[in-house]
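Undergrad: In order, the protein sequences belong to chains X and L. Be aware that the first sequence starts at 1, since it is given in our numbering, and climbs by one per residue. Be aware that the second sequence starts at 1001, since it is given in our numbering, and climbs by one per residue.
Do not take every clue at face value.
Claimed, not checked - Simulated crosslink set (EDC-like; lysine to aspartate or glutamate; CA at most 20 Å straight-line):
id, chain 1, residue 1, chain 2, residue 2
1, L, Lys1161, X, Glu95
2, X, Lys94, L, Asp1163
3, X, Lys211, X, Asp54
4, L, Lys1161, X, Glu90
5, X, Lys211, X, Asp19
6, X, Lys94, X, Asp115
What the hints assert, rightly or not - Taking CB as the label site, the calculated pair distances span:
id, chain 1, residue 1, chain 2, residue 2, range
7, L, Thr1162, X, Arg177, 34 to 40 Å
8, L, Arg1032, X, Asp118, 34 to 40 Å
9, L, Ala1238, X, Ala55, 45 to 51 Å
10, L, Asp1163, X, Gln215, 37 to 43 Å
11, X, Pro166, L, Asp1163, 34 to 40 Å
12, L, Ala1153, X, Asn193, 47 to 53 Å
13, L, Phe1135, X, Asp125, 49 to 55 Å
14, L, Ala1238, X, Arg67, 37 to 43 Å
15, X, Asp64, L, Leu1158, 35 to 41 Å
16, X, Asn193, L, Phe1173, 29 to 35 Å
17, X, Thr57, L, Tyr1084, 25 to 31 Å
18, L, Ser1216, X, Asp5, 57 to 63 Å
Don't read these hints as lab results, they were simulated from the structure. Quick reminder that beta carbons are idealized off the backbone N, C-alpha and C, glycines included.
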Amino acid sequence: MLELDGVTSRYGPVTALQDVDLVAEAGRITAVLGANGAGKTTLLRTISGLHRADAGTIRFDGRDITRLSTDQMTRAGMAHVPEGRGVITELTVKENLRLGALGRSTHRDAVSIDDVVDLFPILGDRSNALAHTLSGGERQMLVIGRALLATPKMLLLDEPSLGLAPRIVSQIFGVIRQLVHEQGLTVLLVEQNARSALSIADVGVVLGLGKVVAQDDAAILAADENLRHAYLGY
Amino acid sequence: MQLINTILGGLSLGMVYAAFALALVLIWQSTRIVNFAQAPMAMVTTFIALTLIESGMNYWVAFVAALVAGFVLGALVERLIIRYVDHDNHINPVILTLGLFIVLHAVAAVIFGSNFQSFPAPFGLTGFSVGDTTFNLTPTSVFTILIVIAVMALLRLLFLKTDLGLTMRAAAFNQEVARILGVRVNRTLTLGWALASVVGSLSGLLIAAGGLVHPSYMDGVVVYGFVAAVLGGLDSPAGAVVGGLLMGVTLSLVSGYLGSGLVPLAALIVLVVVLLVRPGGLFSTSTERTV
Ligand SMILES: Nc1ncnc2c1ncn2[C@@H]1O[C@H](COP(=O)(O)OP(=O)(O)OP(=O)(O)O)[C@@H](O)[C@H]1O
Ligand SMILES: [Mg+2]
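Let the sequences and hints guide you as you build the complete structure.
TA: This is the structure in structure tokens:
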């Protein structure tokens, strides 16, 4: 589904990704792990076109997308849920959701705003409130719900559990699993918490200082003590 | 009686300032640029209308043609110039729009001449009268007030009720997230400049009606329209409208009771007082956004 070949990304003199090869297979959850500053966010930004790769190619669904713009990527079926502030705070909750549906790619059965409200009832209660009045956790629900409205083929999630209560995290992970199993959604999941990410993922990729240091079945990575100590911190 | 007439005069003038301020706000919201070239852009489209009228075209056809020209001019300026400015450096766009101001002036003087020419009014210029008293409200000023209200209502409808308007607001507030959501941000920016330029052109045509035009006939409006936009918070379309009306009425009162020489000073005083009391403008709604 998604294939990176020798991708390098720089910020001026800083090389954030170096020669990254990575495959995220269709209908599976691939977790990207690594310490702070390892390049996880840069990886997602490079894939979705927010940051231009300095070298290498990215293929999505059999098509070279290395030079596509972000909005083209979205319409091709890629939904990027960015790290932190992904809501448009000056718009209402409902307007944020409507925007998600506008970027819809028609690859799966349409998700409606009502479906999203069923998942996260708070979004229905606060429908007409400006998004800047939401709490951090509510904002996270809003950006994930908004991404689902676009009915993407692939979801790029940057630390979706950040600042959320464990119960909400397992609810969100449950929803994602369900979409993966029932509709064949493909997920690239960046997580700080390696243990919980590996528990829901099929495959894990470990980044260290911008390079891929391991790529294997999630269960095998989770069992590798040395790797856990060196890169995953548990 | 004089008071009522002064206020009536200020009202239609205020509507024109409001339209001009609204055009500034539309551009500020989407690109964080104060478009100093807006007055000469409006001046150019007004001269286009005048040229068409003098060549025998129907007034209203020329009026609409000038607005269409404003749309095209706004889109071209964004597409060919503004797009390539380094927005991280705040002074660059300012210098660029000031440069455009000078260039458009010079070009207009060459093409249309730099002498005063009279621009026809769409309707009568004598005030309505009841019995013996004549009010300072002419059919043309009624038209001015109504068309500005109509344009504002249409814009409000566009931004609040349509998908296109929603994508334009999204791109103005947060370009990166808008892109992630599939919005073609470049297009919405071009459209934003085009629409702002239409509104600016409208204010140019309304000021010209029944008066004289000249390459710098709009320059006074720049100052008052800009003050009106700042009064409204620069970020708020509704604020621009209220700011415009406030400027129109205040300046009309000053001119009527204290003398027209004091008008520029009065504009400055209003600006300073409002900014002292409410630094974010009268209608500031900005949240945690940093500029
Ligand atoms: N805009 C930027 N300009 C310069 N350097 C940057 C920029 N963004 C990131 N970097 C650098 O690139 C490297 C990778 O950053 P990135 O944000 O991808 O890390 P991350 O793995 O997402 O970290 P975290 O877990 O803290 O979110 C870091 O060294 C960071 O300092
Ligand atoms: Mg990160």
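Undergrad: Next, verify each hint and record whether it holds.
TA: Quick rundown of the hints versus the structure:
Restraint check for lysine 1161 of chain L and glutamate 95 of chain X: satisfied, since their Cα atoms lie roughly 10 Å apart, inside the 20 Å limit. Under the criterion of a C-alpha separation no larger than 20 Å, the hint pairing lysine 94 of chain X with aspartate 1163 of chain L is consistent with the structure, at around 12 Å. Straight-line distance between C-alpha atoms of lysine 211 of chain X and aspartate 54 of chain X comes to about 15 Å, which keeps the hinted pair within the 20 Å bound. Distance restraint check for lysine 1161 of chain L and glutamate 90 of chain X: the Cα-Cα separation of roughly 16 Å lies within the 20 Å cut-off, and the hinted pair is therefore satisfied.
For the proposed pair lysine 211 of chain X and aspartate 19 of chain X, the alpha carbon gap of about 7 Å is at most 20 Å, so the pair holds. Under the criterion of a C-alpha separation no larger than 20 Å, the hint pairing lysine 94 of chain X with aspartate 115 of chain X is consistent with the structure, at around 13 Å. Distance hint check: the CB atoms of threonine 1162 of chain L and arginine 177 of chain X are about 37 Å apart, consistent with the given range 34 to 40 Å. The hint said 34 to 40 Å for the Cβ distance between arginine 1032 of chain L and aspartate 118 of chain X, and at roughly 39 Å that hint holds.
Between alanine 1238 of chain L and alanine 55 of chain X the CB atoms are about 49 Å apart, so this pair conforms to the stated range of 45 to 51 Å. One distance hint, 37 to 43 Å for the beta-carbon pair aspartate 1163 of chain L and glutamine 215 of chain X, holds here, with the actual separation near 41 Å. Distance hint for proline 166 of chain X and aspartate 1163 of chain L: a CB-CB separation of about 37 Å, consistent with the stated range 34 to 40 Å. At about 51 Å, the CB distance of alanine 1153 of chain L to asparagine 193 of chain X agrees with the hint of 47 to 53 Å.
Between phenylalanine 1135 of chain L and aspartate 125 of chain X the C-beta distance comes to about 52 Å, which sits within the given range of 49 to 55 Å. For alanine 1238 of chain L and arginine 67 of chain X, the hinted distance range of 37 to 43 Å is satisfied, since their beta carbons lie about 42 Å from each other. Look at aspartate 64 of chain X against leucine 1158 of chain L: about 37 Å separates their beta carbons, and that is inside 35 to 41 Å. Roughly 31 Å separates the CB atoms of asparagine 193 of chain X and phenylalanine 1173 of chain L, a value that falls within the hinted 29 to 35 Å.
Take threonine 57 of chain X and tyrosine 1084 of chain L: their Cβ atoms lie about 28 Å apart, and the range 25 to 31 Å holds. Checking the proposed 57 to 63 Å range against serine 1216 of chain L and aspartate 5 of chain X shows it holds: the Cβ atoms sit about 60 Å from each other.
In this structure, every one of the numbered hints holds.
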